[in-house]
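Could you build the full structure based on these sequences and the hints that come with them?
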Amino acid sequence: NALKDNGVQVFYYGHADTDKTPLATVRKQKTRFFESSTGVDTATSVGQATVGAPPFFVENYNIQVATHMKKKAQALTKYVRSRDGGLDFCEALTLPYSALHEDDVPIFEVAC
Numbered sequence: 045n046a047l048k049d050n051g052v053q054v055f056y057y058g059h060a061d062t063d064k065t066p067l068a069t070v071r072k073q074k075t076r077f078f079e080s081s082t083g084v085d086t087a088t089s090v091g092q093a094t095v096g097a098p099p100f101f102v103e104n105y106n107i108q109v110a111t112h113m114k115k116k117a118q119a120l121t122k123y124v125r126s127r128d129g130g131l132d133f134c135e136a137l138t139l140p141y142s143a144l145h146e147d148d149v150p151i152f153e154v155a156c
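Residue numbers (the working numbering): 45 to 156.
These are calculated hints, taken from the structure and not from any lab test.
Don't take each hint at face value.
Claimed, not checked - Using 25 Å as the maximum straight-line C-alpha spacing, the simulated SDA-like pairs for lysine to any residue come out as follows: (1) LYS74 to PHE55; (2) LYS64 to ALA93; (3) LYS116 to SER126; (4) LYS48 to VAL109.
To be verified - For each label pair, taking beta carbons as the anchor points, the in silico distance ranges come out as: (5) LYS72 to ASP132: 16 to 24 Å; (6) SER126 to ASP49: 32 to 40 Å; (7) PHE100 to LYS72: 17 to 25 Å; (8) LYS48 to GLN118: 20 to 28 Å; (9) THR62 to ALA119: 18 to 26 Å; (10) VAL52 to TYR123: 31 to 39 Å; (11) ARG76 to ALA110: 32 to 40 Å; (12) ALA119 to GLY51: 38 to 46 Å; (13) SER126 to ASN50: 15 to 23 Å; (14) PHE100 to LEU137: 15 to 23 Å.
Since this is a predicted model, take the numbers as computed values, not measurements.
Heads up, the beta-carbon is just placed ideally off N, CA and C, and yes, glycines get one too.
Shown next as structure tokens:
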């Protein structure tokens, strides 16, 4: 495996995992995914990868929004994700993002 050979931690989810663990569970329990705003030096560190085979087609969106849009972004995230009664099989979250907008305004990332 090319990733593992280069020191990348690989975590499997869905049908690629023997327990068919959901992606959200793998991210929460095994990865640093929710620490994305800590400013990890990507030039000197090796990361982690999640590899999976969900039972359905997956489309992914990552949208960066300014701080003043945070509440609207969180409301949209909650509206679409399945665990809150939204779309079937939809996983979504809003996270602080380490970069700043060009006006030095903190931004958030909505991932769906």
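Each hint, compared with the structure:
1. Simply put, LYS74 and PHE55 have alpha-carbon atoms about 8 Å apart, close enough for the 25 Å limit, and the pair holds.
2. Proximity of LYS64 to ALA93 is assessed by CA-CA distance (about 16 Å); at most 25 Å being required, the pair is judged to hold.
3. Of the pairs offered as hints, the one joining LYS116 and SER126 holds, with about 18 Å between alpha carbons and a cut-off of 25 Å not exceeded.
4. Distance check on the hinted pair: LYS48 and VAL109 sit about 33 Å apart at the alpha-carbon level, beyond 25 Å; violated.
5. For LYS72 paired with ASP132, a C-beta distance near 21 Å keeps the hint of 16 to 24 Å intact.
6. As the Cβ distance of SER126 to ASP49 is approximately 36 Å, the hint placing it in 32 to 40 Å holds.
7. For the pair PHE100 and LYS72, the supplied restraint of 17 to 25 Å holds, since their beta-carbon distance comes to about 21 Å.
8. Checked against the given bound of 20 to 28 Å, the beta carbons of LYS48 and GLN118, roughly 36 Å apart, lie outside it.
9. In this structure the hint that THR62 and ALA119 lie 18 to 26 Å apart at CB is violated, the actual value being about 37 Å.
10. Taken as a hint, the range 31 to 39 Å holds for the pair VAL52 and TYR123, whose Cβ atoms sit roughly 34 Å apart.
11. Look at ARG76 against ALA110: about 25 Å separates their beta carbons, and that is not inside 32 to 40 Å.
12. Between ALA119 and GLY51 the CB atoms are about 39 Å apart, so this pair conforms to the stated range of 38 to 46 Å.
13. Range check, SER126 to ASN50: about 35 Å between beta-carbon atoms, so the 15 to 23 Å window is missed.
14. Taking the beta carbon of each, PHE100 and LEU137 are about 19 Å apart, inside 15 to 23 Å as hinted.
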